[in-house]
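Same order as they appear, the protein sequences are chains A and B.
Numbered according to the working numbering, the first sequence terminates at residue 203, and the numbering increases by one at each position without gaps.
Numbered according to the working numbering, the second sequence terminates at residue 280, and the numbering increases by one at each position without gaps.
Calculated directly from the structure, the hints in this document are not laboratory data.
Even for Gly, the Cβ is constructed at its ideal location relative to N, Cα and C.
Simulated crosslink set (EDC-like; lysine to aspartate or glutamate; CA at most 20 Å straight-line): (1) K97/A / E163/B; (2) K140/A / D6/B; (3) K26/B / E57/B.
Which bits of chain B does chain A cover? Going by a derived footprint, with three or more residues having C-beta under 8 Å, they are: (4) 27 to 41; (5) 253 to 264.
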Amino acid sequence: MLYKAIVLGASAGGFYALRKLIPMLPGEFSIPIVIVQHISPTSDNYMARFLDNLSEIKVKEVDEKEPLLPGHVYIAPPNYHLLIEEDRTISLSTEEKKNYSRPSIDILFETAVLAFGKELIGIILTGANNDGAEGLKKIKEAGGYCIVQDPKEAEANAMPIAAIKKSNPDKILGLTDIAIHLIEMDTNIKSGKTSKSNDTSNN
Amino acid sequence: MIKETDNINHTVNLEIELILQAIFNKYGYDFRNYSKAHVKRRLLNRLHASKLKSISEMQHKVLYEPDYFETLLRDLSINVTEMFRDPGFYLALRKEVIPILKTYPFFKVWHAGCSTGEEVYSFAVLLMEEGIYDRAQIYATDFNHDVLDIAKKGIYPIERIKEYTANYQAAGGTQSFSDYYMANYDSVIYDQSLKKNLVFAEHNLVTDSVFAEVNLIICRNVLIYFNKELQNRVISLFYESLINGGYLGLGSKETLQFTNKYEKFAVVNNDEKIYKKKLL
Ligand SMILES: C[S@@+](CC[C@H](N)C(=O)[O-])C[C@H]1O[C@@H](n2cnc3c(N)ncnc32)[C@H](O)[C@@H]1O
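Next comes chain A alone, as it looks inside the complex (with noise of 0.2 Å):
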């Protein structure tokens, strides 16, 4: 499968998963990566800006309008929703929190699974509440790939556990075992092989 995209909610103890998981990954990696992490309102970029530091790959908050380009990841900004437009550039919004939460993971994925279709990954790593659960689920049905963070491995269990219950994810993985499988996905997709990680059956 050639995916497009990559959508990534976190939440409790998410910075620190993905302080882990991010720099893991490639300069050379090639699916844009979208991230909605809950963050207080009045934060600055300071995530962002300390990922980049970290990692090979280009770390930044968002933008509003800015289209997807290979190689980056794009860190919503505290206080916005983020949704992708189906051109596949990025737009943001202030309306009502969600699930508690602006930015919140289910708006990120369910306009993602819009703009990209089956064509996207989309994974759900720590957290104590429930959102990302309702749009990890569209992801799947739409035929999209879905991981979730292994709850045992997890800071915060409660939202890698409802994703679980709701979508029936292709694979529950520890942190680096999901940079690995990315990394593998990446690269076949570079090659110009399809993945074989759809049907092989140890989930």
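Using the hints, position chain B with the ligand against chain A.
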């Protein structure tokens, strides 16, 4: 199967195009150049809540029921706002714009997309504290008359006052915030003196034109809902409405950088998105 869903999505997009055209022709509100993802999300949510089967059914309903149009208008205009939202913006105004306004015997300010008015009262407070409120004429506009009614009254629920007080202090407030309102048991009403030089009026940024020449325009978190083409048009409207050397303040995630008029403005404060119309 997957082909099928692609097809359905295409049809939904077509239906959305048609309903926006229908709304424009019938009611004069033009959402055709709003962010597509935003419009689609809001319409599909409403579709779900209305228990209708398709956007086409919704189109029928909106054409025959003006009340239903009001519902859609509310859905499509996101009215979320607060007092002294982004305190850093107000600090920057105090530091970089107010000193210039002080040099004028009389000046005009335009809040475009003012929603329920919190931003306007915040700015009025700031002008009071800087001692130049009496020299100001403030126009506050929105295309949604419901929110303007609330703004005119200046009465707000009390539960957010703690948060607003913190914002006020972070925004460089020099008094006690409670000096500016009277509290009832569940609401606060802003002081009459803040209203003296305010005019609230309906104005649609997409379809209406220049109505005054102003020294400062504040338009925050409105452009994010527009596509690039419409952003360009609205920025041109602002450009024409500003005096030479006039100021424009946008939302913290909005920028002039990718618009046609970028060259015609100087950056005053990049973080707080404050610009100045260049002298010609
Ligand atoms: C998110 S609110 C921003 C409120 C305030 N400026 C702030 O930043 O807190 C956006 C406002 O823009 C208004 N708006 C949207 N489209 C508009 C248009 N075409 N003309 C005038 N106002 C519009 C909406 O009704 C809404 O009140």
